[in-house]
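With the hints as constraints, model all of the structure from the sequences given.
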Amino acid sequence: MTLKNSSNNSDKPVGVIGIGSFGTAIANILAAKSKVIVYARKQEIVDEINQKHTVEGRTLHENISATTDPELICDSCEVMFPVVSSSGFREVMQKFAPFLHPYHILIHGTKGLALNLPDGKSLEDVNRIKRENICTMSEVILNETVVVRVGCLAGPNLAKELSKGQPAATVVASRFNEVILEGQRLLRSDKFQVYGNQDIIGVELSGVLKNTIAIASGALAGLGLGENARGLLISRGMVELIHLGNALGGQTQSFIGLAGIGDLVATCSSTLSRNYTVGYRLAQGESLEEINNSMEEVAEGINTVKLMKTFLEGSGMRAPITENLYKVLFEGFKVEDALHYLMKYPFNVDIDFL
Amino acid sequence: MTDDYIKHKYDPILPQKDEWPVVKLSKSRKEFVQRIASHSKDSVINITGNNIELLKEELETTLYREKLRIKQNPWLVDPDDEDDFWANVKSALVQLSSETNGSEESKKKGYHEILDNITSRYAEEIASNFKHSHYKATRKIVTFGFSRLLNAGRVKGLMSIFSKQYSLEDKIQIIGETEQIRNLASKGTVVMVPTHFSNLDSILIGWTISTLGMPPFIYGAGLNLFNIQIFAYFMDALGAYKVDRRKKNLIYLETLKTYSSEAIQFGCHSLFFPGGTRSRSGKIESKLKLGLLSTAIGAQRANYEKGLNDIGGKVFIVPVTINYHFVLEAPSLIKEHLSLTGQERYYKETDEFSTSYKISKFLVKFFTKGSDISVSIGKAMDILGNYVDKEGNSLDKDDRIIDCRDYFISNGKVTEDPQREEVYTQKLGERIVEEYHKINRIFSSHLVAFTAFEMIKKNNNKMDLFSLLRLPEEDLILEYSDFRSECQRVLNRIMEIRSEGLVHVAPHLKQGLDDIINHGLSNVGMYHAKRPLIKTQEGQITTQDMSLLYFYHNRLDGYDLEKLFK
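Just so you know, the sequences run in chain order A and B.
Quick note, this note's numbering runs 4 ahead of the 1-based positions in the first sequence.
Quick note, this note's numbering runs 185 ahead of the 1-based positions in the second sequence.
Hints are supplied without guarantee of correctness; some may be wrong.
As the list claims (entries may be wrong) - For lysine-lysine, the following BS3-like pairs were computed, each having C-alpha atoms within a straight-line distance of at most 30 angstroms: (1) K491(B) x K16(A); (2) K647(B) x K134(A); (3) K134(A) x K623(B).
As the list claims (entries may be wrong) - Covered, in the sense of this in silico footprint (three residues per stretch, anywhere, with C-beta under 8 angstroms from a C-beta of chain B), are these stretches of chain A: (4) 97-109; (5) 171-182.
These are calculated hints, taken from the structure and not from any lab test.
These numbers come from a predicted model, not from an experiment.
For every residue, glycine included, the Cβ atom is placed at its ideal position computed from N, Cα and C.
Rendered as structure tokens:
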């Protein structure tokens with residue numbers, strides 16, 4: 005607590021942990037106002053950033069520098085944005101934990117879930133999971149580190165559009181007002197609107213659960229179906245999302261906000277979305293393995309479907325879209341058959357959650 | 186923490202009573218009360234945003250509620266001049282609002298003056314009347330009197346009354362992190378947060394604190410208890426300040442919180458029952474009242490603001506569970522619990538503890554018959570629920586030392602952020618509940634009551650709770666052999682949970698199963714007229730009072746044991 009904290013936050017650098025396509029977009033938005041330090045695992049990526057101001061071909065703002073050293077970034081920054089995939093998230097947090105302090109603020113942008121099982125068990129060993137076995141990324145941060153002032157970013161933020169500087173908006177969610185304000189201060193610009201929400205779990209779940217619907221939407225498009233089918237899917241998908249989201253502890257209001265409906269509509273209509281692409285290619289007859297092998301970054305929705313299906317079995321709830329997606333992804337079901345099944349499914353009430 | 190209790194004599198940590206924070210506080214009582222009054226006044230003005238209209242509204246609401254209370258719910262302890270005081274407040278308010286030509290500034294001054302009068306009165310009323318001579322006398326009465334009773338009951342023969350074979354330490358076992366709490370109490374400030382099942386708890390905890398050689402803790406005792414002389418005496422002696430649950434107005438609540446926070450900053454060890462009131466259902470508290478808890482966090486932040494960064498300014502939270510075979514008030518508590526249909530309504534306080542005579546009668550019974558009590562002292566935590574080491578340093582889950590001050594840092598400075606502290610208080614509350622379940626010590630009586638109730642419930646699985654409680658006698662009979670095997674299943678699961686470090690068990694649970702069951706049956710709710718669980722002459726198990734069985738069963742709520750019966 006010496007000199008390094010006595011200066012004002014506004015001239016302190018901001019950290020970005022992970023530099024995939026979304027991390028790049030966030031780093032560039034942050035760099036418009038602050039100095040940014042990026043953490044990357046691979047030395048060659050760090051070198052590329054520091055020498056050429058690019059990362060895997062994407063251009064970076066000149067305010068951005070990079071390091072492979074977690075201690076350095078934790079010591080230099082009070083606010084950091086972890087943007088790594090959900091499968092590697094816990095490991096990264098464990099690596100950072102020894103250097104984090106209770107004064108740090110972490111605002112993550114990862115739209116996935118993590119499993120929290122007893123040591124040495126995997127999803128294959130247990131046939132049922134409960135809510136406490138599922139962690140949102142903010143819960144991973146709280147479990148693995150001493151940081152309590154945690155927030156998340158969610159909303160229709162397709163990385164490719166953000167990097168072109170097109171207008172967009174996001175939600176910063178946190179139980180702490182100061183985290184929301186800090187997020188707004190750092191991210192807000194003429195082209196980027198930032199809303200606040202205190203229901204962090206609801207906002208995280210919005211971002212997570214919409215990925216499964218996006219896969220389904222891609223699949224419909226891959227079958228050559230049109231806008232009627234998409235409209236049907238988005239609205240029914242919304243009902244399922246709220247149903248599941250409530251069961252996991254989110255509030256309905258958050259699901260019908262920017263991070264819920266806003267993001268759902270964007271990802272279900274966009275060929276830029278990874279999850280949408282997975283669905284599209286599935287419907288075109290490719291196998292999941294082929295698709296996974298040819299994609300640069302993971303589509304979070306795949307893992308989410310697997311997790312949610314196991315959760316559904318443990319809770320006795322029904323969620324027909326998720327269940328059928330599981331069959332398509334992991335049990336070799338044809339997209340056509342799944343669709344046929346869904347069209348026969350006896351839904352009859354339009355809206356039952358308001 | 187081990188399950189077993191070791192009889193131990195503890196030396197006082199501060200032998201000189203002049204060093205006791207509570208004695209220092211009582212010496213400077215007058216200034217302290219004044220400080221409370223002025224700080225509470227500031228905080229009310231702050232909450233109303235320094236807006237005269239809002240303040241006026243708050244004053245009027247307070248006046249209205251206080252007049253209503255005086256009329257509808259007067260108590261013996263209420264001072265005689267209450268009517269006059271509030272009549273004065275009323276006329277002052279009327280006069281101020283009728284003054285049309287007064288300047289804004291003079292109006293403001295007028296309202297602040299009224300507010301000042303009220304907070305001063307409240308602060309005076311809340312403040313404790315600790316007297317060291319009374320404390321010493323009470324200690325003697327409790328230890329001498331109780332241990333005489335104890336020996337009279339257990340040691341046979343004429344001279345039994347002078348026997349020293351049993352002491353109170355055998356009757357009330359103190360287990361857990363006793364050395365840690367003593368150590369921290371001599372260095373920093375301790376806030377003890379026990380579970381609350383019986384009015385006896387405050388005396389029990391008072392005795393525990395003094396047995397552990399610690400100076401008296403101050404705590405908020407319900408003003409209703411001061412209605413009963415014998416309690417009033419004990420409470421004053423133990424450093425209690427008064428909490429009047431009838432007063433729910435903002436000004437009172439702010440004064441109360443300020444009192445607690447300032448006392449902690451003064452270095453007084455404090456005691457909160459964070460459940461707020463006795464557990465009506467018999468369950469371990471799962472939702473805590475966060476008002477007083479937030480004062481511990483506020484006091485910690487204030488200490489850091491003052492630059493007290495070492496252990497001397499650190500606040501330690503110590504959860505404590507009290508385990509009984511028997512809760513005197515159980516019948517009325519469970520009745521209240523069942524009749525409250527989810528809403529907090531007003532109800533009259535208790536009956537059993539209504540007179541000094543009844544209490545004395547109970548105490549005689551209690552100390553002359555079996556039935557032990559244990560007090561489990563949990564590990565000390567910082568104000569965010571991190572465990573602390575010997576030197577009082579906060580540790581993260583990998584035992585790295587972290588600076589608790591960092592929780593209040595923003596832009597490199599300690600800052601006050603009420604919304605942040607609100608979230609911290611919720612987190613602390615969750616941690617305390619978690620610790621309660623871990624340090625809770627399961628007794629034989631909890632085991633038998635839980636098993637019997639769950640068996641009856643399973644036999645009538647279509648019924649809701651209220652129909653279950655009205656079952657006819659013939660449906661309440663359990664065969665001993667079934668009961669025995671089910672007890673074994675529950676016990677096995679308890680031992681599994683214990684091996685994960687998530688609960689503790691009393692040593693008597695390590696005997697043979699039949700002995701455990703007999704011990705449980707003879708102890709569960711042993712002084713109630715209608716016993717919650719008995720063995721009939723035919724050797725079957727049944728209950729005489731299903732609600733009471735439910736009450737004692739609830740003690741094992743929160744461990745997922747009911748899954749064994751699905």
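Quick rundown of the hints versus the structure:
1. Proposed proximity of K491(B) and K16(A) is supported: the alpha carbons are some 26 angstroms apart, at most 30 angstroms.
2. Taking the CA atoms of K647(B) and K134(A), the gap is near 25 angstroms; set against the 30 angstroms cutoff, the hint holds.
3. The suggested pairing of K134(A) with K623(B) holds, with an alpha-carbon distance near 21 angstroms, which does not exceed 30 angstroms.
4. Counting residues of the stretch 97-109 of chain A whose C-beta sits closer than 8 angstroms to any C-beta of chain B gives 5, which meets the bar of three, so the coverage hint holds.
5. Check result for the stretch 171-182 of chain A against chain B: holds, 4 residues qualifying (beta carbon to beta carbon below 8 angstroms, three or more required).
Of the numbered hints stated above, none is contradicted by the structure.
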